[in-house]
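Undergrad: Residue numbers (numbering that gives the first Met the number 0), protein chains in the order written: chain A, 0 to 438; chain B, 0 to 438.
Just to be clear, a hint being listed does not mean it is correct.
Copies of the same chain are indistinguishable here, so a pair counts whether it falls within one copy or spans any two.
As the list claims (entries may be wrong) - 25 Å max Cα-Cα, derived DMTMM-like pairs, lysine to aspartate or glutamate:
| # | residue 1 | residue 2 |
| --- | --- | --- |
| 1 | Lys-369 | Asp-37 |
| 2 | Lys-24 | Asp-170 |
| 3 | Lys-210 | Asp-53 |
| 4 | Lys-369 | Glu-138 |
It is worth saying that the hints were derived from the structure and are not from the lab.
There are 2 protein chains.
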Amino acid sequence: MTVIDPRPIIAAKRDGQSLSADEMKAFVDGYTGGSFADAPAAAFLMACLLNGLDDAETLALTRAMVESGDTVHLASTRPLVDKHSTGGVADGVTLIFAPLAAALGLSVAKLSGRGLGHTGGTLDKLESIPGLRTDLSVEELARQVETVGCAVAAQSDSLVPADRALYALRDATATVPSIPLIAASVMSKKLAVATDLILLDVKAGSGAFMKSSAQAVELAQTCLSLAVGWGRSALAAVTDMSQPLGDAIGNAIDIAETVEVLGGRRGGRLRDLAVTFAARGLESLNGASHDEAVARAEAALDDGSALERFALMIQAQGGDPRVTQDPWAVLPRAPIVRPLVSDRAGFLVAVAAEDLGLAAVALGAGRIRKGDPIDPAVGIWLRPKIGDPIEAGMLIGEVHARSDAAALEAEASIWRTLTVGPEPVEPPPLVYTWLGGQP
Amino acid sequence: MTVIDPRPIIAAKRDGQSLSADEMKAFVDGYTGGSFADAPAAAFLMACLLNGLDDAETLALTRAMVESGDTVHLASTRPLVDKHSTGGVADGVTLIFAPLAAALGLSVAKLSGRGLGHTGGTLDKLESIPGLRTDLSVEELARQVETVGCAVAAQSDSLVPADRALYALRDATATVPSIPLIAASVMSKKLAVATDLILLDVKAGSGAFMKSSAQAVELAQTCLSLAVGWGRSALAAVTDMSQPLGDAIGNAIDIAETVEVLGGRRGGRLRDLAVTFAARGLESLNGASHDEAVARAEAALDDGSALERFALMIQAQGGDPRVTQDPWAVLPRAPIVRPLVSDRAGFLVAVAAEDLGLAAVALGAGRIRKGDPIDPAVGIWLRPKIGDPIEAGMLIGEVHARSDAAALEAEASIWRTLTVGPEPVEPPPLVYTWLGGQP
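In isolation and in its complexed conformation, chain A is listed as follows (with noise of 0.2 Å):
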């Protein structure tokens, strides 16, 4: 190992210059290489966030912590799409994407991370399914690809340790609001594995890490110029993250929902954003037109295929399969079920959707910190979305919890998260707009 000074580095980014491919690599490698401390590697970061990085530099660094580990190259049959999203609150699509794609004849090979803060994690709601295994092998997920046409398992430690290393730091830094690392960190994983064609969904609102559309934008266009610039097709939709997607905010209660929509048993804005990801991936690589897409997605939902699928692939890692037929049979019950029961009449005029996690969080389904563990059962059941009506003492939702004081402090947290008003509101946009993609 070469041992670098960072400082000319550290120094030439704080005073406004461009960094060259070559430095961006020497700064990343030197530090996963141990090379120097986290100290002048958070002051970088620092520098990078305030000073901004532009389109080459963002190229460099995303290609540098790419080549810092292992990538992933599948045999398949049949297309490769991968789809993420830079997390929200019940936002379930990937467990029902991945069926769902399978089922219109694409392979998903989906390496997925777990929750953190107010966001769930795709890995912790697949686990609340016992026995359901996620530290696949590279082998054993292209077998199951190739068999089942999905899988989802954990990102392994070898693939953009620089990622992780460079994550944990910007979290202990306060350097994590930057597009541009932000870009670099989702695409650097995605990068990593070869696929046909990268789908990404980028939140915006009160429960997503961009608060605002235009920042969710600029987010969404940073990644696509990184896959252009790496010769790799994608798109990205900036969608509404303004409340939850779904009704669930939890782990089992968020498979149990999956199964419904999965089994064509559910219809909203979890089922719809579904739907629409499939379908572009059946634009983009069966040429398909976008009605008849549609249209194929809707019948697989309907017709039991996607949800046949999701059998196939629990069975395949281990879980049992039985969970798409008679969910609670399988899954873990919180042992308090509180109804929510609405105090209060009007629409719902607003959310606050990250507290609303952040109240899942508190009653054990998520983590604050990295490592933490969590309570597959519990959680929160929230119907109402933005637009609807309310009325004194209507059902809204269930507080899944451990305890009855846990329970009763979840309906408080959740009231303080809703805005009722006199007046009817439009429903936000499921979609505000989609960008891509060819390189």
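Dock chain B against chain A, hints included.
TA: What follows is chain B alone, placed relative to chain A:
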């Protein structure tokens, strides 16, 4: 110790907000108390550097740094004056100023640092006198200031420990060049010692940290604002460091030069600046007129009374006072003394003073890293100043070295730092401006 999460404070500075005094104190205390690691502090320092600190924030930072350690209160029957230089090449003013001010009836308790990089250190120079101690206790310091009128001692580890920690971190993270951070570092050490007057020498030019006089004025003003905010009297001169101030760049040779100036046997810019500072102190503390103060300072050099104070100070600190009569009977002398003979003719137009300082470091006279040993005997003696005529064959100085090879290498380096042109040029002013400074 209260463990604090530093991230809200970092985020506030990152987002351009002004921090309260409580936030600054929580940050400094948290860092020096080990409540969080180097990395968050490094991100914070970069945010301070790039987004700036206003006067109130800089004062709060300085106060928190002073409060991190002990403060010094010396009982003195004469007015106490402190003098500080921001560092330069051949900047031996302090060693002349201290005994000169003592000879004029003032008291000087100077707590000094060691040389780093291209700048020499007063302690290193003084310790080239065999037997001389600089690790004086507060009691020894007080006694010596009362009996001799001056003492130059090492700053103890218990004085402003936050500055030591923050400076080391800034050095490692390319966060040194921030005027508020530099001012807080300089002034925390001055304000931790109770004195009646602080005299600051803020250097500007090729041998200084501030390359332009405009930057130096800004630093001087920031330092003076801190003094005013603290309720202390201070005056600052912005002085020229576009060339070495004196002729000696080393340690023992600087002591020999000090003895010559203190004994009235050497004129020039070094003597003139020491007289200027001593006269300003006398004007400010004893109400003397400017002309009278200058005349008294000149007289104290010419009548031997300043040199006598130096002898008493050296003796009080355990050194051999004969150094003031016959320096080379006492001081370590390098085995190689190579005359510097000019091979060109014209006028000295410019000096790369920082590189000249580094040529002396290469001989062993200084240190690149804190804690490195130095060789007190070696150094560079260079006579011409900007504007002086130079003739081919003229003896312009000497290199004092451990080996012929080192001397030859230094000679080549020295010539690279000197620009000799065909036309005479105006010498730069010695003092650009005085600024100051009653609370």
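Undergrad: A separate judgement is required for each hint: does it hold in the structure or not?
TA: Now the hints, each set against the structure:
1. Proximity of Lys-369 and Asp-37 under a CA criterion of 25 Å is satisfied in both settings, with 18 Å inside one chain copy and 20 Å between copies.
2. Taking the shortest alpha-carbon separations for Lys-24 and Asp-170, both the intra-copy value of 22 Å and the inter-copy value of 23 Å come in at or below 25 Å.
3. With identical chains, the CA atoms of Lys-210 and Asp-53 are at most 25 Å apart within one copy only, with a shortest distance of 22 Å there and 29 Å across copies.
4. In this homomeric assembly, Lys-369 and Glu-138 never come within 25 Å of each other (Cα to Cα): the closest approach is 27 Å inside a single copy and 53 Å across copies.
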